[in-house]
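> Model the full assembly from the supplied sequences, consistent with the hints where possible.
2 protein chains.
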Amino acid sequence: MKAAGSSLLVVGSIGLDTVETRAGKRADVLGGAASYFSVASSFLAPVRLVGVVGTDFPDAHTALFKNHQVDLGGLERVPGRTFRWSGVYAPDFSTRTTLDTQLNVFQEFRPKLPAAWASSEYVFLANIDPTLQLAVLEQAGKPRFVACDTMNFWIEGKRPELLALLERVDMLLLNDEEARQLSGQANLPAAARAIRALGPRAVVIKRGDAGALLFHEGGVFAAPAFPIEEVVDPTGAGDSFAGGFMGWLAREGDSSPATIRTAMILGSVLASFSVEDFSLDRFRRLDLSQIRERFSAFADLVHFEKIKL
Amino acid sequence: MKAAGSSLLVVGSIGLDTVETRAGKRADVLGGAASYFSVASSFLAPVRLVGVVGTDFPDAHTALFKNHQVDLGGLERVPGRTFRWSGVYAPDFSTRTTLDTQLNVFQEFRPKLPAAWASSEYVFLANIDPTLQLAVLEQAGKPRFVACDTMNFWIEGKRPELLALLERVDMLLLNDEEARQLSGQANLPAAARAIRALGPRAVVIKRGDAGALLFHEGGVFAAPAFPIEEVVDPTGAGDSFAGGFMGWLAREGDSSPATIRTAMILGSVLASFSVEDFSLDRFRRLDLSQIRERFSAFADLVHFEKIKL
Numbered sequence: 002m003k004a005a006g007s008s009l010l011v012v013g014s015i016g017l018d019t020v021e022t023r024a025g026k027r028a029d030v031l032g033g034a035a036s037y038f039s040v041a042s043s044f045l046a047p048v049r050l051v052g053v054v055g056t057d058f059p060d061a062h063t064a065l066f067k068n069h070q071v072d073l074g075g076l077e078r079v080p081g082r083t084f085r086w087s088g089v090y091a092p093d094f095s096t097r098t099t100l101d102t103q104l105n106v107f108q109e110f111r112p113k114l115p116a117a118w119a120s121s122e123y124v125f126l127a128n129i130d131p132t133l134q135l136a137v138l139e140q141a142g143k144p145r146f147v148a149c150d151t152m153n154f155w156i157e158g159k160r161p162e163l164l165a166l167l168e169r170v171d172m173l174l175l176n177d178e179e180a181r182q183l184s185g186q187a188n189l190p191a192a193a194r195a196i197r198a199l200g201p202r203a204v205v206i207k208r209g210d211a212g213a214l215l216f217h218e219g220g221v222f223a224a225p226a227f228p229i230e231e232v233v234d235p236t237g238a239g240d241s242f243a244g245g246f247m248g249w250l251a252r253e254g255d256s257s258p259a260t261i262r263t264a265m266i267l268g269s270v271l272a273s274f275s276v277e278d279f280s281l282d283r284f285r286r287l288d289l290s291q292i293r294e295r296f297s298a299f300a301d302l303v304h305f306e307k308i309k310l
Numbered sequence: 002m003k004a005a006g007s008s009l010l011v012v013g014s015i016g017l018d019t020v021e022t023r024a025g026k027r028a029d030v031l032g033g034a035a036s037y038f039s040v041a042s043s044f045l046a047p048v049r050l051v052g053v054v055g056t057d058f059p060d061a062h063t064a065l066f067k068n069h070q071v072d073l074g075g076l077e078r079v080p081g082r083t084f085r086w087s088g089v090y091a092p093d094f095s096t097r098t099t100l101d102t103q104l105n106v107f108q109e110f111r112p113k114l115p116a117a118w119a120s121s122e123y124v125f126l127a128n129i130d131p132t133l134q135l136a137v138l139e140q141a142g143k144p145r146f147v148a149c150d151t152m153n154f155w156i157e158g159k160r161p162e163l164l165a166l167l168e169r170v171d172m173l174l175l176n177d178e179e180a181r182q183l184s185g186q187a188n189l190p191a192a193a194r195a196i197r198a199l200g201p202r203a204v205v206i207k208r209g210d211a212g213a214l215l216f217h218e219g220g221v222f223a224a225p226a227f228p229i230e231e232v233v234d235p236t237g238a239g240d241s242f243a244g245g246f247m248g249w250l251a252r253e254g255d256s257s258p259a260t261i262r263t264a265m266i267l268g269s270v271l272a273s274f275s276v277e278d279f280s281l282d283r284f285r286r287l288d289l290s291q292i293r294e295r296f297s298a299f300a301d302l303v304h305f306e307k308i309k310l
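For the record, the sequence lines run as chains A and B. FYI, the numbering for the first sequence is 2 to 310, going by our numbering. FYI, the numbering for the second sequence is 2 to 310, going by our numbering.
These aren't lab readings, by the way, just hints derived from the structure by calculation. Just so you know, these numbers come straight off a predicted model, no measurement behind them. Heads up, some of the hints might be wrong.
As the list claims (entries may be wrong) - Derived pair list, reagent style BS3-like, types lysine-lysine, alpha-carbon separation capped at 30 Å:
(1) Lys-67(B) with Lys-113(B)
(2) Lys-67(A) with Lys-309(B)
(3) Lys-143(A) with Lys-67(A)
(4) Lys-143(B) with Lys-67(B)
(5) Lys-113(B) with Lys-159(B)
(6) Lys-309(A) with Lys-67(B)
(7) Lys-307(B) with Lys-307(A)
(8) Lys-113(A) with Lys-159(A)
(9) Lys-67(A) with Lys-113(A)
(10) Lys-307(A) with Lys-309(B)
(11) Lys-309(A) with Lys-307(B)
(12) Lys-159(B) with Lys-143(B)
(13) Lys-143(A) with Lys-159(A)
(14) Lys-67(A) with Lys-26(A)
(15) Lys-26(B) with Lys-67(B)
Dropping the structure here:
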């Protein structure tokens, strides 16, 4: 049974990014995990955004969310400056260096779900303090599927809180280095097995331009990255992946192994668009026909014939 | 039209390896690109081996080739010691350190094709001096498909010879760092495009546990690596890949885009077995039913449903 367009909620950062890559430089552009997630997922399902911005947050960015029917009922606007991040990527995109991080109003962020959102069925907890991620779950009723992201900073500094969170989520998304750090296992299948033993029934290990691996009750699934010759800005690719992924689950109203595999591809599709321009700019000129076309390109990318041997 | 079991020829190193990994240590075991290639490909097609060993080369290793119906009509046995390589892998397999290389009889290796082998239809030039790779082509008549491997040492030290070779081959296999070095392009699709402009109509970029990418007239194809929890020894994985790949082309007697995609998977299958034990030991207990089973596992690894969107 499908319940098309189930409710999807995201909690996470919204920020102003200053980014430099080989393709150019942009100052104070829209960034933050929840921004990428919500706009990416909006192509597939209605999405509810919980976050905080300062009084300096430009109306144009709010307008972008609204243009994508992102429900801003959980977006607080408080006195002070918006979260800011600044970084520069190596010319080959192999590394990035953070030049500056200003938490600003994000420092005191305590996520508050509007009462009506407590019944949200699909929930994504973007990379924030696991204490706050847990606080969201306290307010969230009984979602059908909860996924979370995390990072090395929390794995190292808030492990007990992170472990408490992992007991309560259906899926963890993280990159390969984080998976190794969290599990103490260098081998990725071994790392995924160790992480699943901590609670999540599914683990997605993101590997940048090497694609993503899903480990779940349906076995292992390998999603390739789309080969893109002109990468402009990789910022937010992982959150766009999560947006495409969760957007598909919410759209289908289902988290069966088959649906999760397809969600991996939709995640990869949205991530592949995200890196083609700075900030969320590629999403401004994206439509469903382009998403459909790239989904087909992914199918072609991995297609091979069955054989008699 | 298929010509089942077309003739397949490989030229390359045969050596005695001393290898240490987290799984243990082995001394003077069978190694060398042509060894891995020929035994891997032997599961799919009859293979002809051109190489050199010294008088110290154990009969047991010769017997392994014979057990796999590898035609040793081009294997020279000359006075002196066999090529030796010794190395140690980091516990997480992220790097390997060469401890010792002794060229020995390989130093004076001048490949000589038996006259009857000049008509070989599928030819693999494993990683040796491009001058020697060219010398093989001089003796090789008009093969239907020639693939070659190379390495950083030749890209840096014998670029003119390598470029002359690339004008005459159908396919180049190399790893991601080598592709970047050869092309001067950090981005892999851009690197592949630049390399194809040098001659090869197909380029395969091997990325270890991130799989392999094929760029050819049929577009781009991404082959995943099989997630293996207990890697024992990655030595020879790339040559086993090449063996499975070329073995499939020779078996099918065809190098159409569709056949090449399937060959990418057979290559990945043989590589995935190769790393499960030291040296060529996994191949000693491998059979066609296991290859068939893992091929199906690869199909499952990347399978996702088409969608309506």
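> Mind checking the alpha carbons of Lys-67(A) and Lys-26(A) for me, to see if they're no more than 30 Å apart?
holds (26 Å)
> Check the hint pairing Lys-309(A) with Lys-67(B) against an upper bound of 30 Å on the C-alpha distance.
holds (26 Å)
> Would you check the hint for Lys-67(B) and Lys-113(B), treating anything up to 30 Å between C-alpha atoms as holding?
holds (20 Å)
> Need the status of pair Lys-309(A), Lys-307(B): alpha-carbon distance at most 30 Å?
At roughly 24 Å apart (the allowed maximum being 30 Å), Lys-307(B) and Lys-309(A) satisfy the hint.
> Does Lys-67(A) pair with Lys-309(B) here, judged by a C-alpha cut-off of 30 Å?
holds (26 Å)
> Are Lys-26(B) and Lys-67(B) close enough, with their CA atoms no more than 30 Å apart?
Cα-Cα ~26 Å, so holds.
> Hey, Lys-159(B) versus Lys-143(B), does the alpha-carbon distance stay inside 30 Å?
Roughly 25 Å between the alpha carbons, so the hint for Lys-159(B) and Lys-143(B) holds.
> For the pair supplied as a hint, Lys-143(A) and Lys-159(A), is the alpha-carbon distance within the 30 Å limit?
Holds, at roughly 25 Å.
> Straight-line Cα separation of Lys-113(B) and Lys-159(B) no greater than 30 Å?
holds (21 Å)
> Between Lys-143(A) and Lys-67(A), is the straight-line Cα distance small enough, at 30 Å or below?
holds (27 Å)
> Please work out if Lys-307(B) and Lys-307(A) have their alpha carbons no farther apart than 30 Å.
holds (17 Å)
> Run the distance test for Lys-307(A) versus Lys-309(B): straight-line Cα separation, threshold 30 Å.
Satisfied, since the Cα-Cα distance of roughly 24 Å is no more than 30 Å.
Every hint, counting from the list given before, is met by this structure.
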